[in-house]
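J.: Chain residues, written in single-letter form:
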Amino acid sequence: MKKTRLTIIATVLVCLALVFTAGCSDKKAAKFPSEPITMIVNYGGGGGTDISARALAQAAEKHLGVPVTVINKAGGVGTTGIIELKNKKPDGYTIGVVTYAPLAIVPHQMKVPYTPEDFNYICAYGIYRYGLAVKADSPYKTVDDLVAAAAKKPDGMPYVASGYPQPFVYQKISELKKVKFVHVPTKSGSETNTAVLGGHVESAVAVMSDLMPFVKSKEMRILASVSSARLEIAPDVPTLKEQGYDIAINSYMGVGVPKGVPADRLKVLREAFAKAFKDPEFQAVMKKMNVPANYIPGDEFGKICAEGYKESAENLKAMKKK
Amino acid sequence: MFELLLGGFATVLSTPSILISLIIGVVLGTVLGAIPGLTATMAIALVIPLTFYMDPVQSLSMLIGAYNGGTFGGSISAILLGAPGTPAAAATVADGFKMALQGKGAKAIKMALFASVSGCLFSCIVLVLIAEPIARYALKFGPAEYTVLMVFSLTIIGSAAGKSVIKGFIGGLLGLLFGMVGLDSIASVTRFTFDSPNLASGIDLIVMLIGSLALSEVLVQVESVARGKVDAHLPPPRQPDDARLSWREYIANIKTIARSAAIGCGIGALPGLGTTLAAYIGYDMAKRNSKHPEEFGQGAIEGVAAAETANNAVCGANLIPLLALGVPGDAMAAIMIGAFMVQGLTPGPLVFREAPQVIAGLYAGLILSNLLLALFVMTCYKGFTKVSQLETTVIFPVVFVFCFIGVYALNQSVTDVWIMLFFAVIGYIMVKFDYSPATMMIGFILSPLLEVNLRQALLISGNNPAIFFSTPITWFFWLVTVYSVFTIIRSRRRSSKPI
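Here the protein sequences line up with chains A and B, keeping their order.
Here the first sequence is numbered in full-length UniProt numbering, starting from 1 and rising by one per residue.
Here the second sequence is numbered in full-length UniProt numbering, starting from 1 and rising by one per residue.
Chain B extracted, bound-state conformation:
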């Protein structure tokens, strides 16, 4: 394997065209990821026709570079504008934007960058060494196991809720409800669509995110600037240290980073869960295990590290089910299957035998994409932070327009634009009444996963709930769920906050 991997590095580094594609992928992904409304997935869909004419390693390197860059890129706007560029960066807003408001924007971006790179490199190592056994183990996750995992995931709403857990649950329930719009995936009949075929595919996660987190944040910002409550600029660093990230700070967060990397890896290996959920779970776990959980949401650098490590760890780990089983973990990976097939390769158990060089090249490309990402962002981050020194009256109209363009470009659908506006209003109202729109997002992501798996499990067992206690994996997740609920209650008691 290692000889092959070395060969892969040699191929990528010695072929200028591959290296250039990789650089284009990383840069394009990062920039599009950073613009709210445009996403890396969109960039990929645009360049796919070009990849017809490339050789497999070249086209896959470009895609994986854009995937990795895009997953990181979302954090830039999450930190500087408070509006996440991609769903994966939704969990980064809470602490990243607070840090920027304290003049520590550059520090937050650097933390996000090195956390992302660490997370992705960790998952690369796992991918290279033990992809096959992990993918085989992941097959043991059937509908029952997924259901219990989703029940556990619902408990992370508790820590995303902010001050009131009750408000958090209301937000979560609202999200669960919105997640049910569209075609009922079991009975194949439409629900909550008001007989409009435009809603039959349900609400797009990106449309929901741009509306409820990005556009609503723009509205909130515009209002507070107009009322003269905040300055039109983000404050400059108060001391030189605010723009730097020291080695010591990185090491201080190493436990959080390692934990998030492992969580991201696990989530990525299980198809269908995705980067956003990984980021939220990583953030949640960091908060629970932190000595200062009260600092989370107030500009804790640990929060940025936790969320960003976890989402980028998914990038590498998503390739585990993709390569070993031909099962795409998320929309990006599904597009990559298309890219494989155009090249006459079918991802799956045979691909290691049929095209070992291509796989080695892909591994090398993924690992190198991290170095390129670090290089690119470290040379250009000043440009990004300059954005935040612009007048708010310039930035927010631009972001506003990008939200519209991006959402329309997603499916060329005007309905999507209306849905975005609908969620912008909902998000705005939620913020005004101290509800966290993030809880709605979590509910929305979990809703279809929970429902489909629950109903599939009950169909398989003939409506016998014993199936949810039938394997060691289900028991494990029940125990984690109980522990999770227990810690929520305990921490609320300790801080004597109202529930």
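The shape of chain A in the complex, shown without the other chains:
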């Protein structure tokens, strides 16, 4: 008797569960999003990318109407999080931070199971700006001075840069002017700073937010903006292009989904993030972090990454030849 009653209860429960979940999936088809969205950040907690991404996620929650949970998948120089994203179901419920370097440059340096073509892009929300810097008491006042000095060194002139695409600048200057620069890689922006400040190398290309404190304290001097425009934080410094070198590097942080997310869902995400970008709280965080906020629509960002992917292959090949 007891057994039968238990069986009946169990059956009822199972039926209820089935009805309930069926209802859920119906709702899911009707309205997107109806469940929390997970956002994978491809760097560790507390860093610049993480903090800005969390601020963006928080702003996006308001417009999506569901929570956006941030999880960090650090490692593999930024690729682990992107691989994780690629392996997720393309249902729009998992989105991820996709930064330019691990997307377009790193795949040429190590084996990763993706290319920029494997993703749809929601938007880019931040841009990295780069400067070419020397120590304040350096005799070099312009990029021409530096090139002239390098021309006198047959073994090449060492410079520091951490990560990519920074070294591409020197590589292209070398090609243009037929001089030799030697890349001394460092692991972080602050190591780059100490190498220049300690006088161990002559010059560096680095992210502007890393250089700025020492520019302000008059211990370093920026010879050129290496981005396509003059720098917001140092508007007097001419760009490389203005100094006669047709060179510019750019790098971005953006948000993407695995390829194959239904078009209507992608549209919802894109609209929500476009609104989130304008959120004053998000803008304030970006300002505090010294990262220029810069909105690029998803399709355009996708194009930038795909082109950067091809270009990096050539740049790296040229660097290896030397």
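Hints in this document: simulated from the structure, not taken from any laboratory.
Be careful, since some hints might not be right.
Stated by the list, open to error - Listed next, the in silico EDC-like pairs over lysine to aspartate or glutamate satisfying Cα-Cα at most 16 Å (straight line):
(1) A:Lys111 - B:Glu354
(2) A:Lys31 - A:Asp264
(3) A:Lys288 - B:Glu354
Since chain A is already given, all that's left is putting chain B on it; use the hints.
T.: Frame of chain A, contents of chain B only:
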């Protein structure tokens, strides 16, 4: 400066919210540091989002409290369980756990506590008084200087090796090799990763530590308990003195503490070296200069004092390059940069001018964190030592589980769990064949530092080795290296032990 510092104390002490954050930081850091698998760094990463809503002094106090507490906390499990809670406490295991096995666990914890507090307070004084000149001097350390410093650091394997120096070197080489897994930081190509992107960032120090020192120790303990070789409990203090630390004992170790404090300070001022290396060098130097080097590794209280002073001295000293140059010394300091930036402050040469009150508050918070740490541990140490009175059959399964949880939580990566298991097996085999897993750890820590700096130096000099003899600093470290090798050989001869 002193007026500012007094102002800083006044701010911290008169604002309950800051004081509470500081207490939370210290307690959270100590407890998480004490649990093998969980670390203070992890606690910090978890509370970082909260700090968005705090004022700068409050959030930085919490972080620095957790840093200081966490660096000490690792020693509790190192002493009571033989499994270090954090990499910084790896050097404490050798003598701390032996002391616990002799019934002197409480004494060892107290020594570790007062050594830690002394080390951190010493580095605070240096930080407050001469941060700027020290940071400027540290800039003279370029790749060549770091390379020679690393060559010297390799000689500490000699004293961590235990009975056989040859076995020590094999362990060290193994560590150097494991340290090379991942992205080659010069050529940006992957090595020894078997084409797995999971290994591209290399092996995490914490994963390696938990596997090779903590989990393998659990395996060793479980085996010896199962065979009935040792009691399932740590012995109780044989005499009341075994649980106490007298003022005289502290003074007897003051030379060791002072030396380790200075070493820790120097290591902390040089970015990239970190607490673990400081602890090993402090331990090594104490052993070399001791009148009874043979007692090291057998439960010498001096060994505990040396390692624990040195690692906590790094906490204060790490702020020297961070505040003066904006250069983080280790992972914890890098997280603190994030906390500064969220507040709209950039650590670096300008921060003293832009926000002197914040810096003063941070100094005050760091100094107070030591007092709070001492207060907290002295009231609660009995609770900690109770842990060791539990049945081993309860403790080790719990530690075992924490190892898995902690390693997985670190990067939410299953690969990390497999790597931990791999090192647990290696660590177990090493212990069985009388190799010291600590030598592997030292090699592993030094490997990337040595390699990167060596190759950077050669790139700068155009492959001319003269760069390694180009400055007085390099000469100084060559001389120390030669002296170090000489003393290893001499002490082996004297004790007529096999090399």
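J.: Does each hint fit the structure? Answer for all of them.
T.: The hints, checked one at a time:
1. Between the alpha carbons of Lys111 (chain A) and Glu354 (chain B) the distance comes to roughly 45 Å, so the proposed pair goes past 16 Å and is violated.
2. Restraint check for Lys31 (chain A) and Asp264 (chain A): the C-alpha separation of about 10 Å stays at or below 16 Å, so the hint holds.
3. Between Lys288 (chain A) and Glu354 (chain B) the alpha-carbon distance is near 14 Å, which keeps this suggested pair within the 16 Å criterion.
Checked against the numbered hints listed earlier, the structure breaks hint 1 alone; every other hint is satisfied.
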